[in-house]
Each structure stands twice: as structure tokens, then as C-alpha cells.
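Engineer: Both chains are given apart, each in its own frame, so use the hints to dock them into the complex.
Residues per chain are reported as follows:
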Amino acid sequence: GPKVLQIPSHQIIDMGQMVTLNCDPVSNHLYFYWYKQILGQQMEFLVNFYNGKVMEKSKLFKDQFSVERPDGSYFTLKIQPTALEDSAVYFCASSLDDNYAEQFFGPGTRLTVL
Amino acid sequence: GQGVEQPDNLMSVEGTFARVNCTYSTSGFNGLSWYQQREGHAPVFLSYVVLDGLKDSGHFSTFLSRSNGYSYLLLTELQIKDSASYLCAVRWPNYNVLYFGSGTKLTVEP
Numbered sequence: 011g012p013k014v015l016q017i018p019s020h021q022i023i024d025m026g027q028m029v030t031l032n033c034d035p036v037s038n039h040l041y042f043y044w045y046k047q048i049l050g051q052q053m054e055f056l057v058n059f060y061n062g063k064v065m066e067k068s069k070l071f072k073d074q075f076s077v078e079r080p081d082g083s084y085f086t087l088k089i090q091p092t093a094l095e096d097s098a099v100y101f102c103a104s105s106l107d108d109n110y111a112e113q114f115f116g117p118g119t120r121l122t123v124l
Numbered sequence: 196g197q198g199v200e201q202p203d204n205l206m207s208v209e210g211t212f213a214r215v216n217c218t219y220s221t222s223g224f225n226g227l228s229w230y231q232q233r234e235g236h237a238p239v240f241l242s243y244v245v246l247d248g249l250k251d252s253g254h255f256s257t258f259l260s261r262s263n264g265y266s267y268l269l270l271t272e273l274q275i276k277d278s279a280s281y282l283c284a285v286r287w288p289n290y291n292v293l294y295f296g297s298g299t300k301l302t303v304e305p
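Top line first, the protein sequences correspond to chains A and B. Per the numbering used here, the very first residue in the first sequence carries number 11; after that it's consecutive. Per the numbering used here, the very first residue in the second sequence carries number 196; after that it's consecutive.
Hints listed in this document are in silico derivations from the structure and should not be mistaken for laboratory results. The reader is advised that the hints may include incorrect statements.
What the hints assert, rightly or not - When the alpha-carbon atoms are kept at most 30 Å apart in a straight line, the in silico DSSO-like pairs for lysine-lysine are as follows:
1) B:300 to B:250
2) B:250 to B:276
3) A:13 to A:67
4) A:13 to A:88
5) A:67 to A:88
6) A:13 to A:69
7) A:13 to A:63
8) B:250 to A:69
9) A:88 to A:69
10) A:13 to B:276
11) A:13 to A:72
12) A:63 to A:88
13) A:67 to B:300
14) A:13 to B:300
15) B:250 to A:13
Extracted from the complex, chain B is given alone in its bound form (with noise of 0.2 Å):
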């Protein structure tokens, strides 16, 4: 909805990184959320973003280009843990809804 988008499927290698993507219609944007996502679980809070630049988290990065609708959530030193489901949610300044994008399932590989 609203225009958000990601990939469906990235894969990386345990130990690497893996960036995961997610552009967004920019009309009336106020803010993206990251969240986690496992089969069958709740999706978990990482990361809220509203000014353009680089916010590092430490294990979990995330950037934000709000003139050119773009977002990637980076994620470091890779363990194997860290498949799972990534979902990028635009906040739009209509009482805190979130509208989500299909989510990327992140696999990573020994």
C-alpha cells in the first residue's frame, strides 16, 4: 500500500553484510520503521528513521533519502540468526498508521 516496495528475496553469507531495500511514495512522508519479522511470530521494533543520513544501531543500520523516496536497513557481521523476514513501514501524518511493504526475506548461508 501507498507505494512501498522491496525485494523479495536476498540472500548473503554468514559473517558479511546484507542491505536491505525499500523505496516509497514521498508525498506526505513522516517516517519509516524497520521492523523483524519470523515465520509465525510478531514483527519486532529495530528502527524508526525521519532525517536523510546514516543512523547505525550497531548490528542494525539504517539510511534514509527523503528526496529521492529510498530507504535500506544494513545489516553487519551476519549470523545465521539473522534470517528472517524484513519489513519497511512509511508513517504517514494520519494518526501513526503504517503501511507496510511485502517485506524481504533475508536467507543466510554458512
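Bound conformation, chain A alone (with noise of 0.2 Å):
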């Protein structure tokens, strides 16, 4: 089936430095979306997009986060600076559009801030 892909898998970085975890979403689909995943709790959503602008976001989005998709290469989230508590595993996903209920994941990226 169609697939999501996150590069990279792991990512290990120090606390205040940036990070940017990449998504390529399954290619006709115009929706984009990330979730973050903390060890053991629930999947928490953090942001949708389309068409070049962000939609609708959670208050776990904090001012640090953006995210991109130039030029349609890969969807992007960057923390800039990261912290401590943004460890966790994001996930990616994608949707053909906001009317249709399957959401089609990535496999994660683990991220750990020291």
C-alpha cells in the first residue's frame, strides 16, 4: 500500500541546538500532519497542512516549531531550539484530502535531547 517515509529514524542532539526531522508523504496527497508520541502516553497531534499554510495546530506547537514543504519535497518540522521535554517519537502522516478518514503514517523518527 501507499507508504509514508520519515528520514532520519533516530536522532540524538543537545538541548538548544535545531533539529529538522523530514517527511515524504504519500505522493497525491494534499494533507500533512504531525504527531508527537511521547514514551508510553498517547499519540498527540501538533499540526496539519495544506497547501503551503498551516491549518489548524495544538498548543503542544510551541513558537520553536515550524514546519515547511517547499517546492513539494519534503514535508519538514523544525525545532529551533530544541528542549529537554521535545524528546519523543514524531510521526508524519498524510491524507488525500480533509474529508477522507484514512491517515496514512510514517514509522517515526525518535528524537532524544540531552
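Structural biologist: Here it is as C-alpha cells:
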């Protein structure tokens, strides 16, 4: 079936550094999402993105977070600067449109902030 | 988030069945999805329900009662490989945002 890819699978960085998480969504999908899952806890919505704009974001999407998809390349989540509480697995998802129920998820990027 | 609740763990026996329950806040409800997630892997979509009743998809069936804010995922003829976490996610009518429960870890024993 359609697959969402995420690069890298793991990332370890020092607190205060910048990190960029990359997502390659399903090719014909138009809506993109980031979710955050802290170990042992539920997956939580961060942000969704359509037509070059953030459509909805949660309170977890701090000012240090930004998303973009320049020229149809990777859909990225940038955190600058990082904090210890940003350590989590970040899942990217995509869907055909906002009326389509199925979101396809990537395998996640495990981010560890030291 | 948004009051989506699931039991943490569930155990069952190979060849029998398992029912994974999910309750949610009914305000603004616009559909509910079930995902399977194995450790270290992406959640995999199983089913989406928006109307009351039982939706039979073979190995997986899903039930919804909107007035009670309740859904379940029913797995029949369990196999060892069905051991995984099952996530309930409620969709509210704002750009297809999913609010997940904490997931139920199903263990299928021989």
C-alpha cells in the first residue's frame, strides 16, 4: 500500500540545537500532519498543513516549532531551539483530503534531546 | 486528548476473540478510526466508522454507538501475530484532526 517515509529514524542532539525532521508523504496526498508520542503515552496531534499553510495546530506546537514543504519536496518539522521535553517519537501522516478518513502514517523519528 | 479512553492492556487466547473498547466525549464527533501499531512501527489503518452499528470487515469488526460515545474493535479467530497495540482515534470536524486514545496492548497467548 501507499507508504510515508521519514528520515532519519533516530536523532540525538544536544539541548538548544536545531533539528529538522523530514517526511516524504504519499505522492498524491494533499494534507500533511505531525504527531508527537512520548514513550508510554498517547499519540498527540501537533499540526496539519495544506496548500503551503498551517491549517490547525495544538497547544503542543510551540513557537520553536515550524513546518514547511518547499516546492513539493519533504514535509519538514523544524525545532529551534530544542528542549529536553521535545524528546519523543514524531510521526508524520498524510491524507488525500480533509474529508478522507484514512491518514497514512510514517514509521516515526525517535528524537532524543540531551 | 479530547476524552478518548481505552484500557491499557488486554489478554486473550489464540483461536478465540478479543474486544478492544474505546469511549470518547460525544461533543462535535465526526467519526472514529482504529489503527494497529506494532512496537517501533507506523500505525496501520484498520477501520473507520461514523454511523451507529456493527461494521464487519472479516477478521476485524467495529461497532459504534454515537449516543453513548462508545466503540469497540472486535478481532475474531485470533492469531499470535495479532498481538499489538490498537489505537482508537476520534475525528473532530476541524481539518481531519485525530485525537488518539492511549492504545490497548493486546497479547494473544497460545
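Engineer: Hint by hint, note whether the structure agrees.
Structural biologist: The hints, checked one at a time:
{"no.": "1", "hint": "B:300 to B:250", "verdict": "22 Å, holds"}
{"no.": "2", "hint": "B:250 to B:276", "verdict": "22 Å, holds"}
{"no.": "3", "hint": "A:13 to A:67", "verdict": "24 Å, holds"}
{"no.": "4", "hint": "A:13 to A:88", "verdict": "22 Å, holds"}
{"no.": "5", "hint": "A:67 to A:88", "verdict": "14 Å, holds"}
{"no.": "6", "hint": "A:13 to A:69", "verdict": "28 Å, holds"}
{"no.": "7", "hint": "A:13 to A:63", "verdict": "23 Å, holds"}
{"no.": "8", "hint": "B:250 to A:69", "verdict": "34 Å, violated"}
{"no.": "9", "hint": "A:88 to A:69", "verdict": "16 Å, holds"}
{"no.": "10", "hint": "A:13 to B:276", "verdict": "21 Å, holds"}
{"no.": "11", "hint": "A:13 to A:72", "verdict": "28 Å, holds"}
{"no.": "12", "hint": "A:63 to A:88", "verdict": "15 Å, holds"}
{"no.": "13", "hint": "A:67 to B:300", "verdict": "28 Å, holds"}
{"no.": "14", "hint": "A:13 to B:300", "verdict": "24 Å, holds"}
{"no.": "15", "hint": "B:250 to A:13", "verdict": "26 Å, holds"}
The structure is inconsistent with hint 8 alone, although it conforms to all the rest.
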